[in-house]
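As given, the protein sequences belong to chains E and U, one line each in that order. Positions 27 to 437 (my numbering) are the ones given, in order, by the first sequence. Positions 27 to 437 (my numbering) are the ones given, in order, by the second sequence.
Because the hints were derived from the structure by calculation, they are not lab data. Here the structure is a predicted model, which is why all the values come from computation and not from measurement. Hints are not guaranteed to be accurate.
Heads up, the list lumps identical chains together, so a pair's fine if it works in one copy or across two of them.
Stated by the list, open to error - When the alpha-carbon atoms are kept at most 25 Å apart in a straight line, the in silico SDA-like pairs for lysine to any residue are as follows:
hint : residue 1 : residue 2
1    : 113       : 72
2    : 113       : 132
3    : 43        : 75
4    : 113       : 75
5    : 357       : 41
Protein chains: 2
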Amino acid sequence: MSTIVQKFGGTSVGDTKRIEAVAERVARTQRAGNKVVVVVSAMSGETDRLLGLAKAIDPRITGRELDVLLSTGEQVTIALLCMALAKHGVPAVSYTGAQVRILTDSAFNKARIEAIDEHRVRADLDAGRVTVVAGFQGVDENGNITTLGRGGSDTTAVALAAALKADECQIYTDVDGVYTTDPRIVPEARRLDRITYEEMLEMASLGAKVLQIRSVEFASKYQVNLRVLSSFEEGTGTLITTEENIMEQALISGVTLNRDEAQITVAGVPDRPGIASGILGPVAAANVEVDMIVQNTGADGTTDFTFTVHRNDYDRTVEILEKVAPEMGAKGVRGDRKIVKISIVGVGMRSHAGIASRMFKALADDGINIRMISTSEIKISVVVDEKYSELGVRILHSEFGLEDAANLHNA
Amino acid sequence: MSTIVQKFGGTSVGDTKRIEAVAERVARTQRAGNKVVVVVSAMSGETDRLLGLAKAIDPRITGRELDVLLSTGEQVTIALLCMALAKHGVPAVSYTGAQVRILTDSAFNKARIEAIDEHRVRADLDAGRVTVVAGFQGVDENGNITTLGRGGSDTTAVALAAALKADECQIYTDVDGVYTTDPRIVPEARRLDRITYEEMLEMASLGAKVLQIRSVEFASKYQVNLRVLSSFEEGTGTLITTEENIMEQALISGVTLNRDEAQITVAGVPDRPGIASGILGPVAAANVEVDMIVQNTGADGTTDFTFTVHRNDYDRTVEILEKVAPEMGAKGVRGDRKIVKISIVGVGMRSHAGIASRMFKALADDGINIRMISTSEIKISVVVDEKYSELGVRILHSEFGLEDAANLHNA
Chain E
27 MSTIVQKFGG TSVGDTKRIE AVAERVARTQ RAGNKVVVVV SAMSGETDRL LGLAKAIDPR
87 ITGRELDVLL STGEQVTIAL LCMALAKHGV PAVSYTGAQV RILTDSAFNK ARIEAIDEHR
147 VRADLDAGRV TVVAGFQGVD ENGNITTLGR GGSDTTAVAL AAALKADECQ IYTDVDGVYT
207 TDPRIVPEAR RLDRITYEEM LEMASLGAKV LQIRSVEFAS KYQVNLRVLS SFEEGTGTLI
267 TTEENIMEQA LISGVTLNRD EAQITVAGVP DRPGIASGIL GPVAAANVEV DMIVQNTGAD
327 GTTDFTFTVH RNDYDRTVEI LEKVAPEMGA KGVRGDRKIV KISIVGVGMR SHAGIASRMF
387 KALADDGINI RMISTSEIKI SVVVDEKYSE LGVRILHSEF GLEDAANLHN A
Chain U
27 MSTIVQKFGG TSVGDTKRIE AVAERVARTQ RAGNKVVVVV SAMSGETDRL LGLAKAIDPR
87 ITGRELDVLL STGEQVTIAL LCMALAKHGV PAVSYTGAQV RILTDSAFNK ARIEAIDEHR
147 VRADLDAGRV TVVAGFQGVD ENGNITTLGR GGSDTTAVAL AAALKADECQ IYTDVDGVYT
207 TDPRIVPEAR RLDRITYEEM LEMASLGAKV LQIRSVEFAS KYQVNLRVLS SFEEGTGTLI
267 TTEENIMEQA LISGVTLNRD EAQITVAGVP DRPGIASGIL GPVAAANVEV DMIVQNTGAD
327 GTTDFTFTVH RNDYDRTVEI LEKVAPEMGA KGVRGDRKIV KISIVGVGMR SHAGIASRMF
387 KALADDGINI RMISTSEIKI SVVVDEKYSE LGVRILHSEF GLEDAANLHN A
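Only chain E is shown next, with the shape it has when bound in the complex (with noise of 0.2 Å):
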C-alpha cells in the first residue's frame, strides 16, 4: 500500500465544481489501494481578497495578523473538500497547519518549516480516512500561525510527504509537466518523463515556473519523488527525482528563457584588487539582487565589469553606479534593458566536454553575437540582444535534438 500525497493549487480548487472534480480525483487514488494526503491552497482569488481587505486598513500591511488572515484562504479549502469526498462516500478529515502541528519558525509571511509532527495524520491514513491539509500555513512554538508566503503550499506538500516517507507526492498544476522549453516559443518542445532535481532547480529558477524553487529543494533534501501533473488532464506528468532514479540520462534537458534581466556595464575601471565590492557592495546595500557577474582585463590596465539585475531594479542601480563610478575612477557607467538570458540544462554535461563550444557555435552560425556567458556544473547560460530570443532558443532546441525523445544524447 503506498503513501500518495496530492497537492491542488487554487486555480484546481477555484470554485465548488473544480473542488468536486478533485474529490473524484482524489477517490479513484485511495480506491486503487493508496493512502492519500491532499495539500490545498486557497480557492483562486480568495487571497487577493483578503489582501484587499487588509490593504484597506493598512497599506503596507505585514506581520502577526496578516497571517492570521489569509491563512483563513487555505482553511475554507480543506472543509469543502473534506464536505465533497464525504459526498462521494470517502472519510475524510481535515487538518489547519497549527492542528498537524506544521511547526515553523516565527518569520511572520515568510515563515520555515521546522518540524512536522506527522502522528494524527498517520493515524487517520491507518483508519482508512483521507487527510486533507492546509497548505502555506503553520504554527510557531508560541502558538501563532504564520504562513510560508506565496507558493508555500508546494513546500508544504513535500514536506509532509517527507516526514511520512511518502512513495510520491504528486503537484497539480494547470500545465501537464515540465518540458524541453517553452511550446509557445518552440511547438515541438517535448514534455520530460524524468528530470533530476538539480536540473529542475535550474529551469524553475531561469524561468520554467512550474514549482516553488523551495519545495524542490526540500524534496532534493529529503529524496521525496515529486511528480508534476495537470489537474485538469490525465496523464503521468513530469516525475523530478534523484539521478539514480533516472536510467538513460539525456546531455541536455531542456533550453530555457529569461526575460527579466537587464545588463550593467561600469566601463574603464582600473584594475586593482577591490573593484568588484567596490562596486556590487553599493548595489547590494540597496537589496538589488545581481545574477551574472563578468569581469574583463582589458590591455591599458583599465577592466570593464559587466553584471546583470532584475529590470525592476535597472533604474535604481544605473543611479547608484553614476554616484559610485567617478570615485573609483571609472570611465563611465552604460546599460542595456534589451537583453535575454538563454541557458542549457543538463546533469549530462557533467560527464561530457565540448558542450558549450557547441552551444557558442550554434548560435554564431545563425548570426547571433553573445555579449556574456556564464557557467555552472549542469548550465550554460549566455546573454544576447533581446531580438535574438526566440530564435536562440529555438536553434538550441534543435541543435540538441530536444524534440525527439529517442534522443538521449542530443546527437
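Model the placement of chain U on the given structure of chain E, informed by the hints.
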C-alpha cells in the same frame, strides 16, 4: 483599573470602514484606563457566503467540517480589527477560539463552552495589549474546531468576562438598549437603564430579540454585568444585572408581543388520567415545541385541552392530532393561526398581588377578549385575537405607566 469585554456583531464590523470605527471606540476605552478584551463576529454576510459554498456541495451539510469552514469568518475579523488597532497606535493581538483555548464539548455546529483558559489573554492585558478574540467558536479536547451556533458570539463574550472576572461585558448591537416595549408599536416606549437577568430572559424569549438567551443565562449564572449598547450612537444603553444592583425596582419592566404562535384545541376529550401525555406525546415525538398549555374541565365529564405551537408547526400538529383525537374519544380538533401572545414582565410582581387582575381588567375595559392565560413568577401572558396586537400592547404599556421613568411603581 477596570477590565471590560466589548462584543461587536456582524453589522458593526460589516466592512473595513466600520472595523476602523470599532477600533476607535476600543482605543478610547483603553485610553480611559481600562483593560479591554474585544469579541467579534464574522463580517455581516460572510457566514451566509460560506454556508452558500458548503451548500453548493451538500445542501444538508452538518458536522465537523462545517465548523472548520464557518470559523474562518470570525478569524478574518479578528485579524482586520488588530490591524486597525495597530494603525490607531494600540498594540493588539488576535486569538481564535482554539488559541485562547475556549474548550467546548464536541457537539459540532452547536457546541457548549466547558471551560476557558484565560491565562494568555490575561498576560496580554497585563502587558497593555488589547486582545481580540473570535466569537462563536472553540475547540474540543481533541483539538477539533467547534462552533457555538448562531448568535454564539454573545456567549463567548460573557464566558470570557466570567473567566476574567471582568467588571462589565458590553454587547454592541444595532439598538441602543432594551425598551419597555417595541417602539414601533408604542412611540412612548422607554429605554430601560437597568433590568434583571430574569426579566431579560423573559423579555428575550418572548420576542425582544436583542441578546442571545444563552448568553443571558450565562451572565446570570456567573453574575456578569451585561450592558447592551448601540454601535452607531453614543449612550449608556441598558445594564442587565442582579436584582441587588437595582435599587428601585419597578413592578413591571416591559410588555412583549409574540406573533409567532398558533393555538390548537382538542375539544371534548373524556376527562381521565393521561390526557395530556396522550395529546402531547405524539406532538413531542414530531419535534414540535409547545409553549402555553391550558386544560379546562367541563360539566359533562369531558375536557378541552388547548396549547400553542410555533406557526410553522401548526399544519403538521393539526394533522397529527386529527389522527390521535378519535382514538382518545375526543369530539374534534380546532385551531387558530390568527392569535398573538402579549406578556408583562417584572420582578416587582413577586411582591405585589393584584397585577394579574389589573392586567385583565385593562384589556376587558377596551373590549379585548382573553383566550388563554399563563403565569410565572415574574411574567403574565395572555393570548388574544391577532387584530388586538398593537392595541393590547398600548393599553398595558399605558396601564402600568411604563412611558414614565419616574413612575417606578407603575401607578
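Each hint, compared with the structure:
1. Taking the closest pair of Cα atoms, residue 113 and residue 72 come within 25 Å of each other both inside a single copy (24 Å) and across two copies (24 Å).
2. Taking identical chains as interchangeable, the C-alpha atoms of residue 113 and residue 132 lie at most 25 Å apart only when they sit on different chains, with a minimum of 22 Å there against 38 Å within one chain.
3. In this homomeric assembly, residue 43 and residue 75 come within 25 Å of each other (Cα to Cα) both inside a single copy, at 20 Å, and across copies, at 16 Å.
4. When the C-alpha separation of residue 113 and residue 75 is checked against a cutoff of 25 Å, the pair qualifies only between copies, where the shortest distance is 20 Å, while the shortest distance within a copy is 28 Å.
5. For the identical chains of this complex, residue 357 and residue 41 are neighbours neither inside a copy (59 Å) nor across copies (58 Å), given an alpha-carbon limit of 25 Å.
When held up to the earlier numbered hints, the structure conflicts with hint 5 and nothing else.
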